[in-house]
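Engineer: What follows is each chain in one-letter form.
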Amino acid sequence: MIYFDNSATTKPYKEVVDEVVDCLTNSFGNPSSAHRLGIDAEKKLNTARERVAKLLNAEPYEIYFTSGGTEANNTVLKGLLKKGDHVITSSIEHKSVKEALKQLEEEGVEVTYLKVDRDGIVDLKELENSIKDNTRLVTIMYVNNEIGSIQPVEDIVRIVRNKSKKARIHFDAVQAFGKIKIDVKKLDVDFLSLSAHKIHGPKGVGALFVRKDLKLKSLLTGGGQEKDLRSGTENVPGISGFGVAAYIAYNHIEENMKKVKDIKRYFIERLSEIQDVRINSPQDDKHIDNILSVSFLGVRGEVLLHALEDYEIYVSTGSACSAKRVGQNYVLPAIGLNQREVEGTIRFSFSHMNELEEVDKTIDVLKSLLKILRRVKK
Amino acid sequence: MEKRFVYMDHAATTYVKPEVLEAMMPYFTENFGNPSSVYTFSRKSKKAIEEAREKVAKALNALPDEIFFTGGGSEADNWAIKGVAFANRDKGNHIITTKIEHHAVLHACEYLEKIGFEITYLDVDEYGMVNIDELKKAITDRTILITIMFANNEIGTIQPIAEIGKIARERGIIFHTDAVQAVGNVKIDVKEMNIDLLSLAAHKFYGPKGVGALYIRKGVKIDNLIHGGGQEKGKRAGTENLPGIVGLGKAIELATQDIDGHNERIKKLRDRLLNGIMEKIPYTRLNGHPEKRLPGNINVSFKFIEGESLLLLLDQFGICASTGSACSSGSLDPSHVLLAIGLPHEIAHGSLRLTLGDLNTEEDVDYVLSVLPNIVQRLREMSPLYEKFIKGEI
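Each protein sequence line maps, in turn, to chains U and H.
Using full-length UniProt numbering, you'd call the opening residue of the first sequence number 1 and step up by one each time.
Using full-length UniProt numbering, you'd call the opening residue of the second sequence number 1 and step up by one each time.
I should point out that these hints are in silico values taken from the structure, not numbers from a laboratory.
Every value quoted in this text rests on a predicted model; they were computed, and no experiment measured them.
Built from N, CA and C at the ideal position, the CB exists for glycine as well.
One should not assume that every hint holds.
[Unchecked claim] Keeping only pairs whose Cα atoms sit at most 25 Å apart, straight-line, the calculated DSS-like set for lysine-lysine is:
| id | chain 1 | residue 1 | chain 2 | residue 2 |
| --- | --- | --- | --- | --- |
| 1 | U | Lys259 | U | Lys181 |
| 2 | H | Lys114 | U | Lys82 |
| 3 | U | Lys102 | H | Lys221 |
| 4 | U | Lys227 | H | Lys99 |
| 5 | H | Lys233 | U | Lys102 |
| 6 | U | Lys82 | H | Lys221 |
| 7 | H | Lys114 | U | Lys215 |
| 8 | U | Lys14 | H | Lys46 |
| 9 | H | Lys44 | U | Lys11 |
| 10 | H | Lys235 | U | Lys98 |
| 11 | U | Lys217 | H | Lys114 |
| 12 | H | Lys221 | U | Lys98 |
| 13 | U | Lys43 | U | Lys54 |
| 14 | U | Lys102 | H | Lys114 |
| 15 | H | Lys221 | U | Lys83 |
| 16 | U | Lys43 | U | Lys227 |
| 17 | H | Lys91 | H | Lys218 |
| 18 | H | Lys235 | U | Lys217 |
| 19 | H | Lys91 | U | Lys102 |
[Claimed, not checked] Have a look at the derived ranges for each label pair, beta carbon to beta carbon:
| id | chain 1 | residue 1 | chain 2 | residue 2 | range |
| --- | --- | --- | --- | --- | --- |
| 20 | U | Asp213 | H | Ile132 | 47 to 55 Å |
| 21 | U | Glu107 | H | Arg169 | 28 to 36 Å |
| 22 | H | Ser309 | U | Lys212 | 28 to 36 Å |
| 23 | H | Leu339 | U | Lys83 | 33 to 41 Å |
| 24 | U | Arg36 | H | Glu30 | 31 to 39 Å |
| 25 | H | Met278 | U | His252 | 55 to 63 Å |
| 26 | H | Glu110 | U | Leu214 | 17 to 25 Å |
| 27 | U | Asp188 | H | Arg169 | 53 to 61 Å |
| 28 | H | Lys99 | U | Asp188 | 43 to 51 Å |
| 29 | H | Arg4 | U | Glu355 | 45 to 53 Å |
| 30 | H | Lys388 | U | Arg36 | 29 to 37 Å |
| 31 | H | Glu110 | U | Gln339 | 49 to 57 Å |
Please take these sequences and the hints and turn them into a complete structure.
Structural biologist: Okay, here's the thing in structure tokens:
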């Protein structure tokens with residue numbers, strides 16, 4: 001099996017699975033309980049919180065665990081914005097931001113959608129000009145999940161801080177976390193969304209960084225866990241597994257990203273052997289190295305995806321969340337792809353668990369498949 | 001008696017059964033695909049989720065299409081209450097609940113109250129039971145939702161859910177029940193009981209933490225709580241907690257396959273423990289209903305002492321128990337449930353909850369009975385209130 005869909009989800013590390021199992025069977029207490037099993041579980045939470053915080057150079061008390069990246073994004077947007085507020089975002093956000101904003105728009109929140117250029121980068125001038133007196137939030141994804149574009153986050157922060165005291169800044173860092181070194185103190189960001197299962201951690205757990213002294217209205221009220229921001233018995237196995245994944249990522253971020261960089265470089269190099277190909281996420285400092293978006297002209301992406309599947313090569317056309325709704329892709333048109341290019345797009349997303357030889361095999365299969373599929377299409 | 005480790009806090013959370021863990025394992029390791037991906041590798045993930053959904057549906061006598069997975073019981077409660085309130089605003093703004101709900105329900109209601117909804121918090125009697133006549137009287141033509149918990153997490157009282165469901169259905173009011181404590185302990189039939197929405201959490205019936213479900217009867221109007229990708233038929237966004245959901249499915253299947261047998265066994269142990277406590281420890285009050293209560297639940301108040309000190313001493317003897325609900329254990333306020341059933345503050349403070357589970361044995365019960373009376377006696381001897389009482393001053 002060749003798994004090139006690591007932006008959809010990743011295989012949990014063995015260490016993560018061991019930790020999850022340990023929490024499910026031994027440290028199974030409710031962290032809110034006053035007895036030894038409760039205290040045990042609470043310790044697990046604290047360790048995980050410290051580990052995730054360390055990876056961001058945050059304080060442990062600035063980390064709030066959620067059921068995933070989607071909930072983290074929803075928590076920021078719905079917890080901060082109210083009727084009459086203005087929010088600035090980009091036109092290529094993940095659905096969890098896009099759909100939450102759509103809901104808020106119906107409730108009277110004003111939304112500005114920034115255009116992106118052909119690299120998928122927001123226009124900083126447009127951002128600056130969009131900031132108004134009632135701008136309460138700028139929410140932009142750090143790294144795009146389909147084309148891997150990396151936003152100039154430092155510039156965004158600088159512009160927003162210069163122009164507004166009231167506007168808060170949120171980056172959906174689900175695709176960036178564990179791949180790019182993020183220092184929340186240096187970056188001076190207010191909120192950051194994270195997800196465990198994109199960094200070889202378990203599914204069903206994520207986190208939200210909330211800069212100290214900032215308050216959000218809670219999306220889930222109840223028992224008052226997570227300092228009253230997110231009620232519900234803590235998913236101790238998931239959170240502890242997340243901590244282990246963050247710990248491993250922290251210790252290996254450079255070597256892992258180097259490996260992924262080599263894989264992407266080699267993949268692009270070998271793609272030159274195939275005709276009528278458009279690389280949507282070139283290897284440069286504007287695009288992350290673990291995502292390679294390619295349009296194969298003259299073939300439908302879904303057809304190619306399923307054909308690759310017969311060789312146990314797993315890729316995706318866009319993001320997994322919208323995989324089933326063909327024709328609804330909004331990211332690729334936003335960077336200027338025409339219909340034909342959108343249709344033929346495949347996303348290869350890598351992890352350090354991949355090998356260069358897998359690229360060779362994939363290119364060979366692609367060559368033979370495209371020969372047949374492109375002929376059929378004509 | 002020799003010191004042993006006794007876990008009697010199953011209402012706070014349970015261990016995960018080996019069969020449940022076994023069912024989950026492949027979805028951490030080999031079948032880790034994102035259920036939303038379209039290739040065959042992920043179809044196993046998708047299929048596993050649908051199988052879990054069928055199991056939950058079967059346990060409740062619902063349709064698989066009516067089951068939606070969440071991040072836990074609190075999320076299910078928040079979703080049910082806020083989602084119904086917002087989606088049905090055009091029909092009315094009145095919601096009926098009780099004073100003894102879990103905080104996930106109470107705080108959701110309080111939030112709605114702040115933004116213009118009207119909430120009736122029904123009183124309960126000394127056993128924690130809702131009065132059906134009072135419920136009927138509380139209903140107005142603006143009532144859009146009745147939310148009443150199936151069984152209470154602190155005192156174990158089981159409400160007349162079928163009766164409430166019938167009333168709600170007749171009046172065309174949506175009925176939600178927080179069944180987090182009931183699943184596996186009480187037979188639930190959402191059709192027969194006329195339940196429109198029901199919340200549950202896996203970690204209360206030997207499944208994993210971080211996963212729950214909301215049953216939403218077909219046709220009930222409800223807004224989303226979490227927006228994003230199209231997971232859970234567009235109703236609950238976020239990559240599915242695949243192993244968690246598989247674990248929930250297995251756990252509910254196991255928990256509901258022999259409820260009578262389970263109850264008989266647990267009740268026998270519970271009654272042995274309860275009778276022992278009442279016999280050996282004077283000035284003790286049983287909280288909750290004598291019969292209509294969860295099979296594993298004991299909630300007692302020992303006069304003249306503090307529940308917190310009792311817990312610490314029990315823990316030293318290897319016994320895990322709680323005062324009230326786990327969620328509020330950090331709080332110094334007495335339990336809202338115990339106050340609602342009429343306990344004065346000082347007695348509410350001296351309460352202990354022991355909740356039995358599948359691995360508890362007669363030896364566990366006898367061990368607790370050998371330890372608890374002495375601890376209570378020791379604490380009473382240090383209590384100025386007790387001294388006054390003995391001297392006949394109060």
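Engineer: With reference to the structure, classify each hint as holding or not holding.
Structural biologist: Quick rundown of the hints versus the structure:
{"no.": "1", "hint": "U/Lys259 with U/Lys181", "in the structure": "holds, 16 Å"}
{"no.": "2", "hint": "H/Lys114 with U/Lys82", "in the structure": "holds, 14 Å"}
{"no.": "3", "hint": "U/Lys102 with H/Lys221", "in the structure": "holds, 19 Å"}
{"no.": "4", "hint": "U/Lys227 with H/Lys99", "in the structure": "holds, 24 Å"}
{"no.": "5", "hint": "H/Lys233 with U/Lys102", "in the structure": "holds, 18 Å"}
{"no.": "6", "hint": "U/Lys82 with H/Lys221", "in the structure": "holds, 24 Å"}
{"no.": "7", "hint": "H/Lys114 with U/Lys215", "in the structure": "holds, 18 Å"}
{"no.": "8", "hint": "U/Lys14 with H/Lys46", "in the structure": "holds, 23 Å"}
{"no.": "9", "hint": "H/Lys44 with U/Lys11", "in the structure": "holds, 15 Å"}
{"no.": "10", "hint": "H/Lys235 with U/Lys98", "in the structure": "holds, 15 Å"}
{"no.": "11", "hint": "U/Lys217 with H/Lys114", "in the structure": "holds, 13 Å"}
{"no.": "12", "hint": "H/Lys221 with U/Lys98", "in the structure": "holds, 23 Å"}
{"no.": "13", "hint": "U/Lys43 with U/Lys54", "in the structure": "holds, 16 Å"}
{"no.": "14", "hint": "U/Lys102 with H/Lys114", "in the structure": "holds, 24 Å"}
{"no.": "15", "hint": "H/Lys221 with U/Lys83", "in the structure": "holds, 24 Å"}
{"no.": "16", "hint": "U/Lys43 with U/Lys227", "in the structure": "holds, 16 Å"}
{"no.": "17", "hint": "H/Lys91 with H/Lys218", "in the structure": "holds, 19 Å"}
{"no.": "18", "hint": "H/Lys235 with U/Lys217", "in the structure": "holds, 22 Å"}
{"no.": "19", "hint": "H/Lys91 with U/Lys102", "in the structure": "holds, 24 Å"}
{"no.": "20", "hint": "U/Asp213 with H/Ile132: 47 to 55 Å", "in the structure": "holds, 49 Å"}
{"no.": "21", "hint": "U/Glu107 with H/Arg169: 28 to 36 Å", "in the structure": "holds, 31 Å"}
{"no.": "22", "hint": "H/Ser309 with U/Lys212: 28 to 36 Å", "in the structure": "holds, 34 Å"}
{"no.": "23", "hint": "H/Leu339 with U/Lys83: 33 to 41 Å", "in the structure": "holds, 37 Å"}
{"no.": "24", "hint": "U/Arg36 with H/Glu30: 31 to 39 Å", "in the structure": "holds, 35 Å"}
{"no.": "25", "hint": "H/Met278 with U/His252: 55 to 63 Å", "in the structure": "holds, 59 Å"}
{"no.": "26", "hint": "H/Glu110 with U/Leu214: 17 to 25 Å", "in the structure": "holds, 23 Å"}
{"no.": "27", "hint": "U/Asp188 with H/Arg169: 53 to 61 Å", "in the structure": "holds, 55 Å"}
{"no.": "28", "hint": "H/Lys99 with U/Asp188: 43 to 51 Å", "in the structure": "holds, 46 Å"}
{"no.": "29", "hint": "H/Arg4 with U/Glu355: 45 to 53 Å", "in the structure": "holds, 52 Å"}
{"no.": "30", "hint": "H/Lys388 with U/Arg36: 29 to 37 Å", "in the structure": "holds, 34 Å"}
{"no.": "31", "hint": "H/Glu110 with U/Gln339: 49 to 57 Å", "in the structure": "holds, 51 Å"}
When each numbered hint is compared with the structure, no violation occurs for any of them.
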